[in-house]
Amino acid sequence: MNVEDIEYKKNTQNSINYWKEIEEELPNELQNLNGIILLTYNSVEFTHIINFLQNIRKGEFLTVLYISLVRSYNYIKSALDLKPLNQKKIMFIDCVSGYAFPIDEQIDEAFYHKPPLNLDEMKEIIQFGIDKTNPDIIIIDSLSQFINFSKTTSGELSQFYEFLKNIKENTISITQNTFILLYDTKLGAIQCLPKKNMDSIFKIEISK
Amino acid sequence: MTETTRVVQINYWKEIRKDIQKTIGKLNGLVLLTHNSVEFFDIVDFLNNVRRDEDLNVLYISLINSYSQIKNVLKEKPLFSKKLFVVDCVSGFLVELQDSIDCVYRRPPESLEEMKDLIVTHIQISDSNMIVVDSLSQFINFSMPNEADLNNFYHFLNTMKEKAISITTDTVILLYDDKMGSMQKLPSMFTNMILKLEVIKEKIKWND
Numbered sequence: 001m002n003v004e005d006i007e008y009k010k011n012t013q014n015s016i017n018y019w020k021e022i023e024e025e026l027p028n029e030l031q032n033l034n035g036i037i038l039l040t041y042n043s044v045e046f047t048h049i050i051n052f053l054q055n056i057r058k059g060e061f062l063t064v065l066y067i068s069l070v071r072s073y074n075y076i077k078s079a080l081d082l083k084p085l086n087q088k089k090i091m092f093i094d095c096v097s098g099y100a101f102p103i104d105e106q107i108d109e110a111f112y113h114k115p116p117l118n119l120d121e122m123k124e125i126i127q128f129g130i131d132k133t134n135p136d137i138i139i140i141d142s143l144s145q146f147i148n149f150s151k152t153t154s155g156e157l158s159q160f161y162e163f164l165k166n167i168k169e170n171t172i173s174i175t176q177n178t179f180i181l182l183y184d185t186k187l188g189a190i191q192c193l194p195k196k197n198m199d200s201i202f203k204i205e206i207s208k
Numbered sequence: 209m210t211e212t213t214r215v216v217q218i219n220y221w222k223e224i225r226k227d228i229q230k231t232i233g234k235l236n237g238l239v240l241l242t243h244n245s246v247e248f249f250d251i252v253d254f255l256n257n258v259r260r261d262e263d264l265n266v267l268y269i270s271l272i273n274s275y276s277q278i279k280n281v282l283k284e285k286p287l288f289s290k291k292l293f294v295v296d297c298v299s300g301f302l303v304e305l306q307d308s309i310d311c312v313y314r315r316p317p318e319s320l321e322e323m324k325d326l327i328v329t330h331i332q333i334s335d336s337n338m339i340v341v342d343s344l345s346q347f348i349n350f351s352m353p354n355e356a357d358l359n360n361f362y363h364f365l366n367t368m369k370e371k372a373i374s375i376t377t378d379t380v381i382l383l384y385d386d387k388m389g390s391m392q393k394l395p396s397m398f399t400n401m402i403l404k405l406e407v408i409k410e411k412i413k414w415n416d
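First to last, the sequence lines map onto chains A and B. If you count by the working numbering, then the first sequence holds residues 1 to 208, one letter each, in order. If you count by the working numbering, then the second sequence holds residues 209 to 416, one letter each, in order.
Just chain B, same shape as in the assembly (with noise of 0.2 Å):
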């Protein structure tokens, strides 16, 4: 039997190098941020070159990374005039931790609606200019969406708009980690921006 294939969806991408200041240098809106596995080192560098010259605070909620592990990467590869606000979402069952003035421990969410009420609840706690979330991928595999998924998902991006969003408040970015699979869908509609964030780890030769 011949296996038959159809196109689901055609993506066109530009390497944006040369333009990464006018891009990512006034970002805001909703910003759907993909990436194939980056570590916490490389979203560091990727902030520090959204709105850079702007001194803001940052709402990050973290599914991914601890408080612990975020503040050990800070120490090395310092946030420039961003102030962070940890919503620590992955130590959060593992021992009894004080909430403390840049960082507080909550379950992780177990949907998008949830996900929604711990953003909106910090928002005002945090004072935050931008809101990181991390990551979409607890929630959603785009390689293989279905489409309760994907509706569920785009009703999460409306609220987002309506609830998150404001005059102080006026960038979101939400990461999601390919890793299971390049992205059949790309919610283009209900997104300002869409970036990918490709990191290409090479083996250092050392000559002894």
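Okay, chain A solo, but in the shape it has when bound (with noise of 0.2 Å):
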């Protein structure tokens, strides 16, 4: 090693992050999904999202509780039309057109939220959907709203793993038993990968 090798190994820590392809062992992996799953994804069409999501713990009927801050419920709606989540109902809370709060229409299947401005709003819009929903499944989409993995500060993840301790100790529950909360690493590539308080972590990787 020449002496610039070790000056810059002097100055620089890695961390490693260690990946395996699993397209074929996929529907097994999601068919006893649960705990904390973070899926993390490069700008994927939503359709790609169903296409994982009908995957998991196949062959169940759950509810799913979608709580959305990045694509309204009218979109959703329109794509699960196209290409349905079988055996899974739906419920949504849609923090995107909140602000529009039509309560003239009364939906069964959704409610209208105003987005939440950090993760302790996130904690009280995730109880007002397990009181309203009782979900199996929740899912939030997407963290990329709180946090920016590409270049995160320490109090942000301590922040964040504490927000974690904070789901597998009071919302994580015999019934209520898969969390998995999306990221779109449209901001930059994962500098640091949240392992902590994790089950697992999943990409999905698109090339076009």
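For the record, the hints were derived by calculation from the structure and aren't laboratory data. Please note: incorrect hints may appear among the correct ones.
What the hints assert, rightly or not - Here are the simulated DSS-like pairs of lysine-lysine, each with C-alpha atoms no more than 30 Å apart in a straight line: (1) B:230 with A:165; (2) A:195 with B:285; (3) B:409 with A:151; (4) B:387 with B:324; (5) A:123 with B:324; (6) A:196 with A:123; (7) B:222 with A:151; (8) B:226 with A:196; (9) B:369 with A:196; (10) A:168 with B:285; (11) A:168 with B:222; (12) A:89 with B:409; (13) A:20 with B:409; (14) A:195 with B:393; (15) A:208 with A:165; (16) A:195 with B:369; (17) B:387 with A:196; (18) A:20 with B:387; (19) A:77 with B:369; (20) A:186 with B:279; (21) A:196 with B:234; (22) B:226 with A:20; (23) A:83 with B:279; (24) A:196 with B:291; (25) A:58 with B:230; (26) B:230 with A:196; (27) B:234 with A:208; (28) A:58 with B:324; (29) B:279 with B:387; (30) A:151 with A:58; (31) A:196 with A:77; (32) B:387 with A:186; (33) A:58 with B:222.
Everything numeric in this text was worked out from a predicted model, so none of it was measured.
Take the two lone chains and join them into the complex the hints point to.
Right, dumping it as structure tokens:
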């Protein structure tokens, strides 16, 4: 190793992520999926997320609470009309159209809410959704609204881990046992993969 | 004019830190290990986790690092329970170097066919249980492969399965640096496993 290499090594620290390609094993991996799951992707279409969700606990009749911070209920509904999520009943909390508040419109499967400004408010929305829908699976779309893993400060990261710990202790239960956090990597490659308090991490990589 | 794009491939990855021992502790077959320009230092880390409880002879075909660089790194970060036999295809042109008990100097192969010959020739000399080829990036660019390149590559993989893998030599690890662009085509059908090593380098802030 030359002097420059040694100097470089002294001034940098590495963290290593190991990934395994799982296309063949995907149905098996998702069949019994539970715990807190992070699903990262590179700006995929919503239909690709539906594909992934379709395989989760296939064969079970489940209620899914979908808390959307980036896509409106109308948009998701149209996508699901084209590509239905078999055997899963989806209940929405739409935090995108929140300011429009279509109070005249009674929709059984959707609630409208103002977008949460921080993770504490997010917790309140999750609790609101649980009280209203009693879901088996909870999906947050997406974390990118709160945290940018391409340049996270240690403060933000501790706050995020605290959020996960709280979910683990207070939200995950025998019935609500799958909690999926979506994260779009369009803000930049993830520098710090949040492994603490996370049960599984998946990545969907689309080549166009 | 509007630019249209189409999805070429969707890759699903799972982060495997928790299952690292289960996944690579008994690794065998034909394995593609892609990485983001990791250094040999990080490859040693990986190799230390592969079949860590076994005493193995490793045939290391290097097209990237010279034997002297490899030796320097190994002084600082030893390879446990594995004896390396290096085919150095880097220093061959520089000076006249004498082959030794754990290294031979050879001209770099110009094609996958030559690479296959180089491997097959040195399996017996090194009495290897494991083969590492560093790296395939010299021969194929998976970010934009053409049909002919892919066929040629698949043919190489098949030949490796037939000619290199045996009862004694049962692990072949092919390294691929994806610095040319993310991989559009993963050769899942022709390999036993595809892994990705993602090294995140962070500059250390020294407090004076």
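Now the hints, each set against the structure:
Only pairs whose Cα atoms come within 30 Å are accepted, and residue 230 (chain B) paired with residue 165 (chain A) is accepted, the gap being roughly 26 Å. Of the supplied pair hints, the one linking residue 195 (chain A) and residue 285 (chain B) holds, its CA atoms being roughly 26 Å apart against a limit of 30 Å. A distance of roughly 12 Å separates the Cα atoms of residue 409 (chain B) and residue 151 (chain A); the hinted pair therefore holds under the 30 Å criterion. Distance check on the hinted pair: residue 387 (chain B) and residue 324 (chain B) sit about 24 Å apart at the alpha-carbon level, within 30 Å; holds.
With a C-alpha separation of about 57 Å, the suggested pair residue 123 (chain A) and residue 324 (chain B) falls outside the 30 Å cut-off, and the hint is violated. Of the pairs offered as hints, the one joining residue 196 (chain A) and residue 123 (chain A) holds, with about 18 Å between alpha carbons and a cut-off of 30 Å not exceeded. Of the pairs offered as hints, the one joining residue 222 (chain B) and residue 151 (chain A) holds, with about 22 Å between alpha carbons and a cut-off of 30 Å not exceeded. Annotation: proposed proximity of residue 226 (chain B) to residue 196 (chain A) holds, straight-line Cα distance about 11 Å (limit 30 Å).
Taking the CA atoms of residue 369 (chain B) and residue 196 (chain A), the gap is about 39 Å. The hint is violated against a cut of 30 Å. Taken as a hint, the residue 168 (chain A) and residue 285 (chain B) pair is broken in the structure, with Cα atoms around 38 Å apart against an allowance of 30 Å. Using a Cα cut-off of 30 Å, the hinted pair residue 168 (chain A) and residue 222 (chain B) holds, with the two alpha carbons roughly 21 Å apart. Straight-line distance between C-alpha atoms of residue 89 (chain A) and residue 409 (chain B) comes to about 43 Å, which puts the hinted pair past the 30 Å bound.
Straight-line distance between C-alpha atoms of residue 20 (chain A) and residue 409 (chain B) comes to about 20 Å, which keeps the hinted pair within the 30 Å bound. A threshold of 30 Å between alpha carbons decides the hint, and for residue 195 (chain A) with residue 393 (chain B) the separation of about 28 Å falls inside it, so the pair holds. With a C-alpha separation of about 37 Å, the suggested pairing of residue 208 (chain A) with residue 165 (chain A) is violated against the 30 Å cut-off. A threshold of 30 Å between alpha carbons decides the hint, and for residue 195 (chain A) with residue 369 (chain B) the separation of about 36 Å lies outside it, so the pair is violated.
Restraint check for residue 387 (chain B) and residue 196 (chain A): the C-alpha separation of about 29 Å stays at or below 30 Å, so the hint holds. A hinted pair counts as satisfied when its Cα atoms are at most 30 Å apart, and residue 20 (chain A) with residue 387 (chain B) qualifies at roughly 18 Å. For the suggested pair residue 77 (chain A) and residue 369 (chain B), the alpha carbons sit about 48 Å apart, so the restraint of at most 30 Å is broken. Under the criterion of a C-alpha separation no larger than 30 Å, the hint pairing residue 186 (chain A) with residue 279 (chain B) is inconsistent with the structure, at around 40 Å.
Our distance criterion of 30 Å between C-alpha atoms is met by residue 196 (chain A) and residue 234 (chain B), whose separation comes to about 26 Å. Restraint check: the Cα-Cα separation between residue 226 (chain B) and residue 20 (chain A) comes to about 12 Å, which is no more than 30 Å; the hinted pair holds. Using a Cα cut-off of 30 Å, the hinted pair residue 83 (chain A) and residue 279 (chain B) is violated, with the two alpha carbons roughly 56 Å apart. Taking the CA atoms of residue 196 (chain A) and residue 291 (chain B), the gap is about 35 Å. The hint is violated against a cut of 30 Å.
Distance restraint check for residue 58 (chain A) and residue 230 (chain B): the Cα-Cα separation of roughly 25 Å lies within the 30 Å cut-off, and the hinted pair is therefore satisfied. Straight-line distance between C-alpha atoms of residue 230 (chain B) and residue 196 (chain A) comes to about 20 Å, which keeps the hinted pair within the 30 Å bound. Of the supplied pair hints, the one linking residue 234 (chain B) and residue 208 (chain A) is violated, its CA atoms being roughly 35 Å apart against a limit of 30 Å. Distance hint between residue 58 (chain A) and residue 324 (chain B) is unfulfilled; the C-alpha atoms sit about 44 Å from each other, more than 30 Å.
For the suggested pair residue 279 (chain B) and residue 387 (chain B), the alpha carbons sit about 25 Å apart, so the restraint of at most 30 Å is met. Distance hint between residue 151 (chain A) and residue 58 (chain A) is unfulfilled; the C-alpha atoms sit about 36 Å from each other, more than 30 Å. Between residue 196 (chain A) and residue 77 (chain A) the CA atoms are separated by roughly 34 Å; this puts the pair beyond 30 Å, and the hint is violated. Distance check on the hinted pair: residue 387 (chain B) and residue 186 (chain A) sit about 19 Å apart at the alpha-carbon level, within 30 Å; holds.
About 19 Å separates the Cα atoms of residue 58 (chain A) and residue 222 (chain B), which keeps this hinted pair within 30 Å; it holds.
When held up to the earlier numbered hints, the structure conflicts with 5, 9, 10, 12, 15, 16, 19, 20, 23, 24, 27, 28, 30, 31 and fits the remainder.
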